[in-house]
Every structure is written in C-alpha cells, then in structure tokens.
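Undergrad: Place chain B on chain A using the hints.
From first to last, the protein sequence lines are chains A and B. For the first sequence, position 192 matches number 192 in the working numbering, and the numbering has no gaps at all. For the second sequence, position 139 matches number 333 in the working numbering, and the numbering has no gaps at all.
Read the hints as simulated data drawn from the structure, not as lab findings. Among these hints, one or two may not hold up.
Computed cross-link-like contacts, DSS-like style, restricted to lysine-lysine with a CA-CA straight-line distance of at most 30 angstroms [what the hints assert, rightly or not]:
| hint | chain 1 | residue 1 | chain 2 | residue 2 |
| --- | --- | --- | --- | --- |
| 1 | B | Lys371 | A | Lys123 |
| 2 | B | Lys243 | A | Lys170 |
| 3 | B | Lys291 | A | Lys49 |
| 4 | B | Lys364 | A | Lys47 |
| 5 | A | Lys177 | B | Lys378 |
| 6 | B | Lys378 | A | Lys49 |
| 7 | A | Lys123 | B | Lys364 |
| 8 | B | Lys317 | A | Lys97 |
| 9 | B | Lys371 | A | Lys177 |
| 10 | A | Lys97 | B | Lys291 |
| 11 | B | Lys270 | A | Lys170 |
| 12 | B | Lys317 | A | Lys184 |
| 13 | A | Lys184 | B | Lys243 |
| 14 | B | Lys317 | A | Lys47 |
| 15 | A | Lys97 | B | Lys270 |
2 protein chains.
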Amino acid sequence: MREKTTRDHIVEAADRLFYRQGYEHTSFSDIADVVQISRGNFYYHFKSKDEILHAVIDLRLANTREMLERWENEGKEPADRIRSFIHILVGNRGDIKRYGCPVGTLCAELAKLGHPSRPEANKLFTLFRTWLRRQFTLLGREADADALAMHLLARSQGVATLASAFHDEKFIRQEVKEMRDWLKACAENAGPIT
Amino acid sequence: MREKTTRDHIVEAADRLFYRQGYEHTSFSDIADVVQISRGNFYYHFKSKDEILHAVIDLRLANTREMLERWENEGKEPADRIRSFIHILVGNRGDIKRYGCPVGTLCAELAKLGHPSRPEANKLFTLFRTWLRRQFTLLGREADADALAMHLLARSQGVATLASAFHDEKFIRQEVKEMRDWLKACAENAGPIT
Numbered sequence: 001m002r003e004k005t006t007r008d009h010i011v012e013a014a015d016r017l018f019y020r021q022g023y024e025h026t027s028f029s030d031i032a033d034v035v036q037i038s039r040g041n042f043y044y045h046f047k048s049k050d051e052i053l054h055a056v057i058d059l060r061l062a063n064t065r066e067m068l069e070r071w072e073n074e075g076k077e078p079a080d081r082i083r084s085f086i087h088i089l090v091g092n093r094g095d096i097k098r099y100g101c102p103v104g105t106l107c108a109e110l111a112k113l114g115h116p117s118r119p120e121a122n123k124l125f126t127l128f129r130t131w132l133r134r135q136f137t138l139l140g141r142e143a144d145a146d147a148l149a150m151h152l153l154a155r156s157q158g159v160a161t162l163a164s165a166f167h168d169e170k171f172i173r174q175e176v177k178e179m180r181d182w183l184k185a186c187a188e189n190a191g192p193i194t
Numbered sequence: 195m196r197e198k199t200t201r202d203h204i205v206e207a208a209d210r211l212f213y214r215q216g217y218e219h220t221s222f223s224d225i226a227d228v229v230q231i232s233r234g235n236f237y238y239h240f241k242s243k244d245e246i247l248h249a250v251i252d253l254r255l256a257n258t259r260e261m262l263e264r265w266e267n268e269g270k271e272p273a274d275r276i277r278s279f280i281h282i283l284v285g286n287r288g289d290i291k292r293y294g295c296p297v298g299t300l301c302a303e304l305a306k307l308g309h310p311s312r313p314e315a316n317k318l319f320t321l322f323r324t325w326l327r328r329q330f331t332l333l334g335r336e337a338d339a340d341a342l343a344m345h346l347l348a349r350s351q352g353v354a355t356l357a358s359a360f361h362d363e364k365f366i367r368q369e370v371k372e373m374r375d376w377l378k379a380c381a382e383n384a385g386p387i388t
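Isolated chain A (complex conformation) (with noise of 0.2 angstroms):
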C-alpha cells in the first residue's frame, strides 16, 4: 500500500465535506483548512472545485468496486452478498440519520446544479445495479433481476432519506428486517416483487 500524497489528503477531504455538507455549500478554503496546506501548494494539485469533484467521484467509484468485491468474495451465496448491500444502512446508520446516502445526495445535488460530473456521479448507482442485478441472476431470479436490483435500490434510497429527515434508527433496522424478508421470498421464487 503506497503513502498518501496531498492530492490524496485532498481528495479524501474534499470527499467528507461534499458528503456532510454538500457539493455547492464547500469552498476551496473549506478543503484548505482540513488538509493545512498553502492556497499555492492546493492550485499545485487543483485548479477549479470541478476537478476535485471529478476526483472525489474517481474515489468514490474506485471505495465502491473494492467493496462489492469484498462482498462478492466474502459472501458464500448470491442471498448473503445481496444482505452485505442491505446492511449497509445498519452499518452507516450514523452517517446516514445525518447526511443521508453519500450516493443518492450527491446525484440529487448534481441533477439540480446541471452539473457535467452528473452522468459520472450516476455511475456510482450504476455500480451497484450491474453488481445486484447480478446476484439476482445468480439467485436464480435472471428474468426480473434488473427490476430487482432497482427496487432493493430504491428501497434503500428511500430509508436513507427518511432516517436522515426522521433520525430514526428504530425506523432503518424494521426496513433492514423487511428487505431481509422481501429477500427471502425473492430467493424462494414466492412470486412477483411487492
């Protein structure tokens, strides 16, 4: 594993202050501050908000490969790696009554801002269908396994939103245990999704 560099150090804060505090709202000195570098050593590795929100994205893409691997090697069956994705919201539980998910606010930013990074951002969503939709397949459900991998998106897009608006916790492990339920059903073939 290589030492971090300052463009690293840059990267990643600038990638905690979109999350927490959004795109627009966080400023060049904002990113400064947290990194304690000079305005001349940040344009050295920056010029304009743009390429470090194209960084951040890069980051956030490359974070989200290596977990769905870890998911998909880490988990014996299709169902047990699909629940890694649902527990994300008991795992991130803090984060999320907070700031929500950082995918789902960061595109929802984008689209209102006409932001030319937004079809990347969308990518990040994009992971996660292609990487479900699969597991779906493999559960033996290959006919709606895109539609599958939607729902359980929106589903969980859905809490993130409500927990963060609501900060209710109680509220994210009942939907966590109904989207371990829908998923049983999924994986019994129990009939169409509902």
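TA: Chain B alone, transformed into the frame defined by chain A:
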C-alpha cells in the same frame, strides 16, 4: 381568491428555483430576475435568503395541506386516497425525473447545511406521514399504520431518487404498479409488509 401580491410572486419564484437548482445555488438576483423587480423592492419584502426559505416552506406546507384535504374529499375509501399519494409519482414524473422529489431533496440539502429551517422543512414529511397513517388506520391496519405510512413514504422517496438518476419513466410506472399491489395486500390484511 385574492389577487397575488409581489410577495407572493417572490415566494413562488423562489419555490421553483429552490426546487430546480437547489437552495444554496439560488441567489437573491436569480429570484429578482424571475420576478422582474428592483433590488429595493425585493429587500422591502425579504432581508435574507433564510427569510425567503421560511416563506417557501410555509407555502409548501399550505399547498400540501390543501392537496391532502382534496385527496381526502375525493377518495371514497382510504385505499383510494392512498392511491392518490402513490400516483403523484406518475403525475409529476416530468419534474421528478429532472429534479427528484421537492420534499426529499430540500430536506436532504438543509440537513447538510445544518440549516435552522430544517425542522420546519421536515414538517412536510410529517404531514404526509400523519395523513397516510390515518388512512392506514381507516383501512383497518391500526396496529402498524405508522410503519406502513413510513414504508410507503420511503418507497416513493427511493423511486424519485432513482428515477432522477436514471431518467427512467418505465421504472416509475413499474414501481407504482408494485406499490398498488402492495396496498391491495395491505387492505386484504395479507400479513406483514414485505
């Protein structure tokens, strides 16, 4: 119906702009440009963007109450009324594909900004939650009416987020069909929500 005042025009323009381009990204002059009034006249009505936000949330709360009352009066059975809620996703699909849900995206943005108007904005969700809970109670699901209300709210939020990311109308229609089926199963007391 009273004639619209300059203040009304400002608040309505701000409402649209906050929805379409986000609160943080919308400036005083963006709003003044739409309403076509002088800076002096503008400041006569509102001293800060926070004040406008407050008025926008009040407007949205009033509009939502009115809509819920209309659904209440128009829908003979509670299931009809809940279907009115589900169908906003179809009725507003054009805007939702572009900008997501106005409630969900505003609450998410204010959460990140740590904005003092956040509790007010969250009341928009509470209006829907309370209204849906009452409908589910009338449907004979008193014991889990609140969980059902939150579940349906979450599903519609998730659909809005993904429909916006993927610009996918077919997905909206598919999910709306599934929510209708789910509602039917709820009405038949077909067991726990899945």
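Undergrad: The structure should be examined with respect to each hint, and the outcome stated for every one.
TA: Right, here's what the structure says about each hint:
1. Lys371/B <-> Lys123/A: Distance ~27 angstroms between Lys371/B and Lys123/A Cα, so the pair holds.
2. Lys243/B <-> Lys170/A: Roughly 35 angstroms separates the two Cα atoms, so the pair is violated.
3. Lys291/B <-> Lys49/A: holds (26 angstroms)
4. Lys364/B <-> Lys47/A: Judged against 30 angstroms, a Cα distance of about 40 angstroms means the pair is violated.
5. Lys177/A <-> Lys378/B: holds (21 angstroms)
6. Lys378/B <-> Lys49/A: Answer violated: Lys378/B to Lys49/A is near 49 angstroms, above 30 angstroms.
7. Lys123/A <-> Lys364/B: Given pair Lys123/A, Lys364/B holds - Cα atoms ~19 angstroms apart, limit 30 angstroms.
8. Lys317/B <-> Lys97/A: holds (17 angstroms)
9. Lys371/B <-> Lys177/A: holds (23 angstroms)
10. Lys97/A <-> Lys291/B: holds (25 angstroms)
11. Lys270/B <-> Lys170/A: violated (33 angstroms)
12. Lys317/B <-> Lys184/A: violated (35 angstroms)
13. Lys184/A <-> Lys243/B: Judged against 30 angstroms, a Cα distance of about 49 angstroms means the pair is violated.
14. Lys317/B <-> Lys47/A: Given pair Lys317/B, Lys47/A is violated - Cα atoms ~41 angstroms apart, limit 30 angstroms.
15. Lys97/A <-> Lys270/B: At roughly 37 angstroms apart (the allowed maximum being 30 angstroms), Lys270/B and Lys97/A break the hint.
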